[in-house]
Each structure stands twice: as C-alpha cells, then as structure tokens.
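Could you build the full structure based on these sequences and the hints that come with them?
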Amino acid sequence: MPEARASSQHEDQELVRRSLRGDKEAFEMIIHRYQQPVVNYIGRMVREREMALDFSQEIFLKVYASLGSYRPQYKFSTWLFKIASNFMIDHWRKKKLPTTSIDQSFDYEDDGRRLQVADEAPSVGRQYELKEIRGRIEAGLDRLPPAFRELFVWRHVDGLSYEEMAEIKKLPLGTVKNRVFQAKEMLRRLLGETP
Amino acid sequence: MRCFSIEELYAYLDGDLPHDGVHSIEAHAMACAECRALLEDRRAFLEAAESLPDIEIPASFAATIMARLETVPAPHPRRLPVWTWFATASAGSAAFLATLAGIALLSGQNLWEYLVHLQHGFINYLQGAATAVIHLVKYIQIFLKIAGQFAMALADVFKRASAFLTPPVQAAFAVSAILILAMGFVLWRRRTHSLENDHDE
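Heads up: the sequence lines are chains A and B, in that order. Going by our numbering, 121 is the number at position 121 of the first sequence; the sequence numbering is gapless. Going by our numbering, 288 is the number at position 93 of the second sequence; the sequence numbering is gapless.
None of these hints come from the bench; they were simulated from the model. Careful: at least some of the hints might be erroneous.
[Unchecked claim] With the Cβ distance kept under 10 Å, some of the chain A side facing chain B (calculated, not the full set):
#, residue
1, 20
2, 21
3, 32
Model, not experiment: these values are computed from the prediction. Cβ coordinates follow ideal geometry from the N, Cα and C atoms, glycine included.
So, in structure tokens, the structure goes:
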C-alpha cells in the first residue's frame with residue numbers, strides 16, 4: 001500500500017510537470033484521477049448535486065491556474081483538497097451561513113472528549129439494515145456542523161489519512177482524530193433522530 | 196479487565212491501535228457482551244459510512260473543464276525570488292574569496308594585488324561592452340571594492356597568523372574557513388526554505 005501511494009504520488013507529480021509544460025492531456029488525467037473524491041466531498045458539503053458539480057469544476061480551474069505554485073515535496077492530493085476546502089470556506093463566508101469553527105468546542109456529552117461505555121443510544125446494527133443506515137447517514141450529514149462534516153467525509157467517504165487531514169487543515173494530528181471521533185458520535189446519535 | 200471507551204473502540208476499528216491494544220480489545224470483547232455489542236454497533240455504522248454511494252458524475256465533466264481552461268491564465272512553473280539569486284551569488288562570492296585567501300596564504304602571494312589585478316582586468320573588459328550594462332558594472336565594481344577591502348583585512352589577519360603558524364596549520368585553517376562558509380550557506384538555505392513553506396501555508 002505505501003508503495004502504491006508513493007507510485008501514485010510520483011505519477012501525480014509527473015502529470016503536474018507535464019501540465020506545466022502545456023500538456024493539457026496531462027491535466028485531463030489529473031481531473032479523471034480526482035474528480036470522484038472532489039465531487040463526493042463537495043456534494044456532501046453543499047447537499048445538492050448540480051451545485052457540487054459546478055463547484056468542483058471551479059475548483060479544478062483554480063487548481064489548474066495555481067499549478068505553478070504546487071511544490072513537489074507535498075502530496076498533490078493534500079494540496080488539491082486544501083484548495084477545495086478553502087473554496088468551501090469562501091462559499092460559506094459569501095453566503096454568510098452559520099458554521100461551527102473547528103476550533104470551537106462543541107456542546108456535546110462529556111465535552112466530546114471521551115465517551116465512556118455507558119451508552120443509551122439504540123444499536124445501529126440491530127435496528128436498521130445497511131442500506132437504511134446509509135440513507136440515515138446521508139440525511140444526518142445535513143445536520144452535522146460543516147467543519148465536522150468535512151472531516152467525517154474526508155476520513156470515511158474519501159478515505160484520507162488523519163495525517164493528510166491534519167496537513168490540509170493545519171491542525172495537530174490529535175485534534176483531527178478527536179474531531180473525527182466527535183463527528184462520528186454526533187452523526188451516529190443523529191441516525192436515531194433522522195426520519 | 197476494564198471496559199474500553201468508545202474512542203478506543205473506534206481506534207481499534209480504524210486500525211489505529213498498536214498490536215497490544217488490538218489484542219486487549221479483542222480479548223475483552225470476547226468476554227464482555229456489552230463491549231462486544233458496542234463494537235459491532237460502531238462497526239456497522241462505519242461500514243455503512245464507508246460504503247456510501249459515489250455522487251454520479253456526467254461523462255462530460257472533464258471535457259467541460261478542459262473547454263474552460265482557456266478562460267483561466269495558463270500556469271507557469273514557480274520561479275525563485277530575485278533575492279534568492281542575489282543571496283546565492285553573494286554566498287558563492289564569499290566562498291570564492293575565502294578560497295583565494297586560502298590560496299594566497301598557502302602560496303605567499305599578496306592577495307590584495309591579485310584582487311586589484313583581477314578588478315582592473317574585469318573593469319577594462321566591461322568598459323568595452325555595451326552601454327546598457329554600465330550600471331551593472333558599477334555595482335560589481337563597488338561590490339569588488341568592498342570585497343577587496345574585506346579580503347585585504349582577512350589577508351592581513353592571515354599574514355599576522357602566518358608569522359607563528361606552520362604551513363599545515365595554515366592550510367587546515369583555510370579549509371576550515373571554506374567549510375564553515377559552505378555549512379552556513381546550507382543552513383541558511385534550509386531555514387529560508389522552511390520559512391517560505393510556513394508563509395505559503
């Protein structure tokens with residue numbers, strides 16, 4: 001797996017080099033490699049497919065225009081998701097949507113730091129079929145604060161590593177792990193409330 | 196054995212626990228029905244989350260972006276700032292002068308005369324060049340004068356030192372000076388590089 005990642009990173013860097021030399025096919029290959037994770041991320045943030053597609057296109061155009069500032073010592077996907085994340089932050093600022101900062105503490109059981117075993121919520125596995133849980137997760141994501149939703153989607157939908165997420169958000173690794181944990185438990189509890 | 200926190204159970208499911216931790220949780224879950232149920236519950240939740248369907252992307256998605264590339268400025272490879280080139284040239288010049296000083300020290304030549312000779316030759320050559328580079332020549336001349344004075348002072352120090360230092364010690368001193376300059380340059384580059392990264396992020 002690490003070899004595959006290193007190889008993929010090497011291929012990304014080669015595609016960037018070719019794009020910078022004016023090879024547009026190379027950039028098209030970059031789009032094909034990353035369109036699905038980017039659209040999955042943006043789609044779960046804005047909750048509207050057409051808007052997600054439009055935003056994702058804008059993000060790839062930003063990526064293209066900024067390729068010259070990409071530094072090969074960084075993972076390309078980290079750089080790309082940083083651009084996507086900044087795009088979403090700008091979007092929320094323009095819309096003046098209420099967002100929960102990742103640095104704010106969230107009003108959650110036991111400060112959300114360490115939930116102990118005592119757990120009154122009904123068992124997800126016993127109550128619902130897998131398909132139904134997926135539907136409830138999709139609906140529950142709407143009610144998750146964007147800053148938590150973003151980390152949850154990166155980790156459990158796009159499969160980003162905690163290290164990569166910490167790099168993108170410029171947060172300590174432990175903070176990212178804790179926030180993802182909080183997001184999971186918030187969402188899991190929302191499943192029971194989601195119609 | 197104690198029951199585990201939900202956070203620890205997630206870490207287990209995430210593959211984020213050391214081998215001992217994995218073994219402890221598995222052994223405990225075998226014996227504790229409550230923890231086993233919690234573990235299965237979170238496992239089902241994560242399995243569902245990680246198998247959420249992809250958002251459908253139209254086949255024309257990439258082509259649409261490619262058609263719009265003309266509307267954004269073409270990217271250019273990142274260039275190093277001018278001051279980086281200047282600093283590199285300065286460090287190179289310093290290393291060059293240190294080498295000259297070392298050679299002069301070892302050979303017994305007068306470094307100042309040698310530098311002045313170089314300077315005159317350089318100026319004579321530049322005077323025949325196009326007028327567009329005259330300003331550049333002046334800057335180099337000023338730089339060489341300063342560097343010459345610096346080298347003169349340095350040579351004076353070496354001259355005084357050579358009165359009581361043996362040739363091998365003199366050689367070791369010259370080589371050490373060059374190495375220190377080179378190391379200083381490398382460390383400076385690493386520091387400016389990390390500062391640039393911090394700035395970008």
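Query raised in the report: Going back to the hint list, which numbers does this structure go against?
Result: Hint check: nothing fails, all pass.
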